[in-house]
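Protein chains in written order, with the working numbering: chain B, 1 to 252; chain F, 1001 to 1205.
It is worth saying that the hints were derived from the structure and are not from the lab.
This structure is a prediction, so every number in the text was calculated from the model and none was measured.
C-beta: ideal position from N, C-alpha, C; glycine also.
Just so you know, not all the hints are guaranteed correct.
As the list claims (entries may be wrong) - Chain F residues, not near chain B, derived (Cβ > 10 Å throughout): (1) Glu1021; (2) Ala1029; (3) Arg1030; (4) Pro1091; (5) Glu1157; (6) Glu1179; (7) Arg1180.
As the list claims (entries may be wrong) - Here are some chain F residues pointing at chain B (derived, C-beta under 10 Å): (8) Pro1023; (9) Tyr1050; (10) Ala1055; (11) Arg1068; (12) Trp1083; (13) Thr1098; (14) Trp1099; (15) Arg1107; (16) Ile1109; (17) His1147; (18) Phe1169; (19) Ile1183; (20) Ala1197.
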Amino acid sequence: MTDVRHPDLPGDDGPDMTAAELALGVLEGDERAQAVRRVLSEPGFARAVEQWRGYLSQLFDLWPAITAPDILPRIERSIDRLHDTTGGVVPHPRGSRLWPSLAVLSSIAAAGLLVILLVRPLSLPTVPPSPTAPATPVAAPLPTLVASLEPEGKQAPMTVVYDQRSGTLRLTETTLARADRSAELWVIPSDGTPRSLGLLQDTGGTTLALNPTVRAYLAAGATLAVSIEPVGGSKTGAPTGPVVAKGALSPV
Amino acid sequence: MTDFPPDAAAAPASAPKPGSESPEAIARARLVEALVRTGEEDRVAFRDLYSLTSAKLFGICYRICGERQAAEDVLHDVYLTIWKRAGAYEPSRASPITWLATIARNRAIDWQRAQKVRRSTPIEDAPQILDTAPLASEALLHDEQSHLLQECLELLEQRQRSAIHTAFFDGVTYAELAERQNIPLGTMKSWVRRGLARLRECLER
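With the sequences and hints as input, model every part of the structure.
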């Protein structure tokens, strides 16, 4: 396990243990963002994070169990809704004080989405979202997530809209990669490991239909990043080239 | 172009090896099977998985969230995530409980950090984490990995060990660790970094 030394880190705060710190979860703000970036750009660092995660997981054994409330029926209802793509009216989930009114939140989400679509209508590729779909939020327990990816250079930010119900992710038009390279989109969920979502179109916007495995990683707070890879995408399964844009997913 | 392994759900669940059919091995095999079959969208297996693991995962959510209702809502979210993601579980790569517990911890931390409001003190009514081996009654969930990390933690200075412990179990950042101990942020970082460096030496030995 090699912790690659980072030149920016002052020496008087102790040794550079960034990989372990990221795995432990003590970093926040810029420090965390910088560490996440290193996961993307330094395979050795990414391996070190993974290794620390493995070590730390030994502590799970010490975690005391507490009899859980029987929320299995509620979970199963949510699973049913997950599979219900017809948009029919479904019962309101009970007992959720955290998210008190999904209908209200969904309306806000729908309104926000419409604003985005109105503001940037031209650059969203293919499948223009039906204006009626987000306007009937009764059966939309999964909010639409958006992210603004800030490119390194002077380009305008890219907007990403992710429809959790259909698993479709759309990016506005951008040109990040030269002709002999591909721009690849990654999600970095809270476990810090980048997962590929697919390649961006060379020109125009991009629509990606995500498979169920990667969909699970797309949640509010997850980081999206674009790296420059050989044509056809990274051969290693992890980002190999520089990260040229990134941003965090949040509910609309 | 992706790092997604071939469909893990298609892989056979790791059956207990002959001669190793201890209650722990049998329980673990049952858990692996429940998880793999959940990945095939098997509801019966999912219910079994819930009954086998919900107490452990609720313990994680409760401690990190610090309140029962939030922990319950996060637990709901955790099992929904498990349902969606179980197809990607690979028995050869991680023990089932590590895989599940990681999801629970990450979700609970996401929730906690989204709250913005920090608890300045640890929650009072959460059960204590004991620096001991798991109880025999938890054998079901007991990982077969070595407990090298716990041995190495014993070598650290108490304040280093305690900070790393709190960071892991309470899911808190440097800023909150420093706040709780009422020490400068830089001092806390230094303690933890030195502790982690010492751990690495011990783990790599």
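Hint check against the structure, violated hint numbers in rising order: Structure breaks hints 8 and 19.
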